[in-house]
Amino acid sequence: MGKSADRITLQVARYRPEQDVAPSFQEYEVPCPKDWVVLDGLNYVKDRLDGTLSYRWSCRMGICGSCGMTVNGEPKLTCATFLTDYAPGPVRVEPLRNFPIVRDLIVEIGDFMRKLVTVKPWIVRTAEKPLSEGAYRQTPQELEEYKQFSMCINCMLCYAACPIYGLDPHFIGPAAIALAQRYNLDNRDEGNAERLQILSQHEGIWGCTFVGECTKVCPKHVDPAGAIQRYKLDASVEWLKSFFMPRGA
Amino acid sequence: MTPSHDIVLVGGGGAGLRAAIAIAETNPRLDIAVVSKVYPMRSHTVSAEGGAAGVALPEDTLDEHAYDTISGGDWLTDQDAVEAFVREAPQELLRLEHWGCPWSREPDGRVAVRPFGGMKKMRTWFAADKTGFHMLHTLFQTSLKYTGVRRYDEWFVTTLLVDDGRVQGVVAIELMSGRIATITARAVILCTGGCGRVFPFTTNAAIKNGDGMALAYRAGAPLKDMEFVQYHPTGLPFTGILITEAARAEGGFLINKDGYRYLQDYNLGKPEPTPVLRSMELGPRDRLSQAFMKELEQGRTIDTPYGPVVHLDLRHLGRKKIETKIPFVRELCLKYQNVDPVTDLVPVRPVVHYMMGGVHTDINGATPLSGLYAAGEVACVSINGANRLGSNSLPELLVFGARAGLAAAEYASTCKEPGAAVLAQGKDEEGRLQAGLRRTNGNGERVATIRDEMQKTMEESAGIYRTGESLRRGVEALQALQARACRLAVDDASLTFNTERVTALELSFMLDVASAIVNAALRREESRGAHQRTDFPKRDDQRFLSHSLMYRQSDGSCRVEYLPVTITRWPPGERVYGK
Numbered sequence: 001m002g003k004s005a006d007r008i009t010l011q012v013a014r015y016r017p018e019q020d021v022a023p024s025f026q027e028y029e030v031p032c033p034k035d036w037v038v039l040d041g042l043n044y045v046k047d048r049l050d051g052t053l054s055y056r057w058s059c060r061m062g063i064c065g066s067c068g069m070t071v072n073g074e075p076k077l078t079c080a081t082f083l084t085d086y087a088p089g090p091v092r093v094e095p096l097r098n099f100p101i102v103r104d105l106i107v108e109i110g111d112f113m114r115k116l117v118t119v120k121p122w123i124v125r126t127a128e129k130p131l132s133e134g135a136y137r138q139t140p141q142e143l144e145e146y147k148q149f150s151m152c153i154n155c156m157l158c159y160a161a162c163p164i165y166g167l168d169p170h171f172i173g174p175a176a177i178a179l180a181q182r183y184n185l186d187n188r189d190e191g192n193a194e195r196l197q198i199l200s201q202h203e204g205i206w207g208c209t210f211v212g213e214c215t216k217v218c219p220k221h222v223d224p225a226g227a228i229q230r231y232k233l234d235a236s237v238e239w240l241k242s243f244f245m246p247r248g249a
Numbered sequence: 250m251t252p253s254h255d256i257v258l259v260g261g262g263g264a265g266l267r268a269a270i271a272i273a274e275t276n277p278r279l280d281i282a283v284v285s286k287v288y289p290m291r292s293h294t295v296s297a298e299g300g301a302a303g304v305a306l307p308e309d310t311l312d313e314h315a316y317d318t319i320s321g322g323d324w325l326t327d328q329d330a331v332e333a334f335v336r337e338a339p340q341e342l343l344r345l346e347h348w349g350c351p352w353s354r355e356p357d358g359r360v361a362v363r364p365f366g367g368m369k370k371m372r373t374w375f376a377a378d379k380t381g382f383h384m385l386h387t388l389f390q391t392s393l394k395y396t397g398v399r400r401y402d403e404w405f406v407t408t409l410l411v412d413d414g415r416v417q418g419v420v421a422i423e424l425m426s427g428r429i430a431t432i433t434a435r436a437v438i439l440c441t442g443g444c445g446r447v448f449p450f451t452t453n454a455a456i457k458n459g460d461g462m463a464l465a466y467r468a469g470a471p472l473k474d475m476e477f478v479q480y481h482p483t484g485l486p487f488t489g490i491l492i493t494e495a496a497r498a499e500g501g502f503l504i505n506k507d508g509y510r511y512l513q514d515y516n517l518g519k520p521e522p523t524p525v526l527r528s529m530e531l532g533p534r535d536r537l538s539q540a541f542m543k544e545l546e547q548g549r550t551i552d553t554p555y556g557p558v559v560h561l562d563l564r565h566l567g568r569k570k571i572e573t574k575i576p577f578v579r580e581l582c583l584k585y586q587n588v589d590p591v592t593d594l595v596p597v598r599p600v601v602h603y604m605m606g607g608v609h610t611d612i613n614g615a616t617p618l619s620g621l622y623a624a625g626e627v628a629c630v631s632i633n634g635a636n637r638l639g640s641n642s643l644p645e646l647l648v649f650g651a652r653a654g655l656a657a658a659e660y661a662s663t664c665k666e667p668g669a670a671v672l673a674q675g676k677d678e679e680g681r682l683q684a685g686l687r688r689t690n691g692n693g694e695r696v697a698t699i700r701d702e703m704q705k706t707m708e709e710s711a712g713i714y715r716t717g718e719s720l721r722r723g724v725e726a727l728q729a730l731q732a733r734a735c736r737l738a739v740d741d742a743s744l745t746f747n748t749e750r751v752t753a754l755e756l757s758f759m760l761d762v763a764s765a766i767v768n769a770a771l772r773r774e775e776s777r778g779a780h781q782r783t784d785f786p787k788r789d790d791q792r793f794l795s796h797s798l799m800y801r802q803s804d805g806s807c808r809v810e811y812l813p814v815t816i817t818r819w820p821p822g823e824r825v826y827g828k
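So the protein lines, in turn, are chains A and B. If you count the first sequence from 1, position 70 lands on 70 in our numbering, and the numbers rise without skipping. So the mapping is simple: our numbering equals the position in the second sequence, first residue as 1, plus 249.
There may be inaccurate statements among the hints.
With a straight-line Cα cutoff of 27 Å, these simulated BS3-like cross-link-like pairs (lysine-lysine) come out [unchecked claim]:
#1 K569/B x K220/A
#2 K570/B x K369/B
#3 K216/A x K584/B
#4 K584/B x K147/A
#5 K216/A x K569/B
#6 K34/A x K220/A
#7 K115/A x K394/B
#8 K220/A x K394/B
#9 K34/A x K506/B
#10 K584/B x K220/A
#11 K129/A x K394/B
#12 K570/B x K147/A
#13 K147/A x K394/B
#14 K34/A x K584/B
#15 K394/B x K232/A
#16 K574/B x K147/A
#17 K216/A x K574/B
#18 K787/B x K828/B
#19 K705/B x K34/A
#20 K394/B x K120/A
Bear in mind the hints are in silico, worked out from the structure with no lab data behind them. As the structure is a prediction and not an experimental result, all values here were calculated from the model.
Extracted from the complex, chain B is given alone in its bound form:
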């Protein structure tokens, strides 16, 4: 029997759960399924630390939040989307408050806000430094109220079913049993998050393989602005564990091997003893990660067995502030780095953190492919442009999760039933997967061998600084890896929780996503935000004030188109920090 639902959500993290609740509330008659490769509370939203931005104080305005976001994104943001985002973010954060999210509070009981990088006013709501964890568990626990939400926990989606120009379902593997099922739907919403694992050194969890991006790309939807990859300036060496920007918002300093606050040399303002908004350590992530690379070139970083680092100095904050405002930072430093930020310097280096690009959607989460929606990191609306500001991604998944849910609900209430053609397609995919499972191949290469090479290729070709030459080498290397990946060795033929098979499917998704990143980066001959080309060091608004759209060709290659950026009230200008 083929399971069928009105709306299938792929992914059960923040965006997916917010979308599910939005649908259940707007139309309780709709039958909703959340299909996730992990239990929802394991989703990567759980790892977000610092906070969620939404205008809260009387001295702040929506326009200022919009301007910070637009300039932070180096004018590649769509301003209509940003205006909707800043307007709805405070409402969404308030809704979470009503659902029980344990936001940190002022002594009088009001919700507290903290400063954050690139933001001119304090507007970042936080739950100590486990904001994502608390938001995810609040959403998950609240979602349990809605009996119309059917969960497929630990089901891995392998393909989208498209017929007559419409997405009408998915094929998925139930990991526990190995059962392969076609699940039809009137609409599908992708909420699978990012793809940090295409790089070797990332804050992203093991499950962040760009699944949803690849699913959409293969189904014919374009990927937008994939060349924009965010390096967060402060990851712990070896593990890549994130040390939140909140550590700097609370007053932490970044210093080089001479103990010097080097950001003052990079047009980010003057060093002051206490944090200054939009200045120094509270500059935007792209500029801070680039400054690290310049310090490295000058020989002013510190060498460690896990690469060069600079130091994050939190000692002057004192134990009390560290324990109340950033307790998780201390816990992570103690547990994984064996340093105590109360008394020691914390070694940090830039680490791949977030994908600005993603599946191209409009302001309602709709992709150009009928019946397909996307929200959260998997999507590119775009409110993040060429560089996302810290604490904008958590409200983004709420605002656009809800919007995608509502739009999909409306579409699903009026569109036709899924047709018979997709059932036949589903059968084909089931056959392909079963054949793959029967074919164990002891002579091929291991998943990890090709994955390691892909990750190395990405770092060398599409890191913080790129050149046409490095990117061309990357394109070629990835083509060769694609060919080798067709002859993978998979030893495990079991139907029961076959994680080797899953990693092979994830690798194939990642190779498609990696190829889109490198090809988009090669074609953008300018430097903007997180995309820095040393052979084209300047921003070029004449040629590139536009989004790249990558389409997958039937032979696996990419075709690129460009779409002008939507400008409403803020004409492109210079990004000014520290003044």
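Just chain A, same shape as in the assembly:
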């Protein structure tokens, strides 16, 4: 039967650990009006064709970070990736790479959640300012210093794209480093030295060879590669200083 132009084939990776030894592909034909994103196609499958297909999604507006998947080989937010861009198809939808697959299109991101805590992604102060003293001053220029790094939605596309993380799962990874930098560059924060210690350990930034894939795939225009390079520089300076200066208390 000939396929009309207003439909497209999804080749969706399926994996159910109770019954499958390895992932395989299943094909579904779905409508593809011009406003439909890949996620709409998956929802069509789930609602009408096959209720057993599992994947994560929530906001459908590119901000909650749930629906990252591999679309035709590239990490994408499926709510922000139009089906018609892949016409006439087929569109291959797989789970994000570099993570353990739980089931179908769902991966396990616990590794990132644990690493995120280690970089202390919160304001670190030697003395907390009481609320009664009001707000910190922060000029628009000071805000601009860290702003782009605060835009990370933790969607994990950068981990899926990172060749280093793929080879060495100890690598702390692009988003966690970008978020460390987000606080380091915030003029309200004093935690730079603590974070540098954590990041300059062997699993940290030295692993990154500045491939820059993370920055390319970020849907929110964060530049983790830039954060990592800047960090390397700071850390080398600290490392050199350690030879020539006595250690502080």
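Once you've looked at the hints, dock chain B against the given chain A.
Chain B alone, transformed into the frame defined by chain A:
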């Protein structure tokens, strides 16, 4: 082994995380669990755009914020709650500033504020137009500091455990493994957000299924003011993606098919070239959405494949202002609607956005059921009355998240250990869920079939304008859907991340919540705020200056009671805009 905690929070969005931090700070010995069906940073707080209101400028006063909120809510707000809210909101927003929230700034480094709908002064703090996103990530990242907060990420709560008149825990499914666990607690705080997904066209994320409302309702706590559903006037057609009110606060116009700023015909003031507070495009959401319906009736909207729209005109703001003040609006319009607000008109139509009603709580987040608390959109305190003002919901989840956390902490420090009876109840629920999982039923109807019909029913019976007749039809249709939902087809028998099972449980929650909405709307024979009855077009303070409380009967039907509104200093008056 049964996990046990002092306090279990259901939901890890803004209210839940604020409550968790409040508890950890007030009593570090308390053992806190945050149980959420998604990772906390995926919570729907993330989608809030425009801002968070709290008096900031010397020329503004707490009383003015209170008055705007009370009149905006058409006098259905509890004024004692509003007074506490406006007093504590600035402190809470300041606390977020200390925790690192990237609030937008004035050139000298002070926190900036912007105008917002229904507000007479500029008092809305903002982080460009991703305010909810930044607040949520600030709260989440800050919460990681507190080692006393144990997280159950991607656990779905199915029921509250109640014995001896006290809530003493929950039963939840770990999605990753399918494990079902009874988690006991001295106190439970519901922070699950709203229920926009009971309607077909909504800004709400897929996870907004009224879970917490249904959990409380089934456990015997009443739902309050459920007839008040907010339609936001500016959603993108097809997706329902929200275009923030900030777009109008920065100077955007709403125009009909003739290019005419039609709001001037609806008692909202005169059109001026720049925004005027509490006027025209900065009127309250209920009145703007109602004006759209009148334009539609007059044939002055524009037809599109996804329904009638009007236009939001931002072109005169210029690229620079759009990119600095509302960059996300541009990103969303470009990505999802293929229009550029710098050069094009943006098609918009009213979209279900927020639930004014919710689980009945007092000013400290306590429900009438001992041991059960609620905060954020899931709760109804009520500071929003018959219509919430834009930018009041983000400070609400901070103020009442913190209050509920403190009240629950105090209660949990003095109340008894959970009893053995709830463990037996937990076992029963585990059995029910396991039996459900074993029973795959290829012959029944799909979850999506019944969900679609429920959503259509809600739009037709309880939309922007309602009648007794439409609502009675809605009540009947929902009863029929409830019966059909008992025979759902669920194909997936896997224990591992079984999302089909979750959607079936969510549907059952939504049907209960939908029924409460329609029944409450049928019984309120007046028009007030977002509840507009064409058969009772006037506000009726004699009969209805009171909150509706819906109780679930054992047969699934509703019983309604009314509770007078608390008036402190602002007697009911006329809502005046544009003057």
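Quiz item: Which earlier hints turn out false for this structure, listed by number in ascending order?
Solution: none
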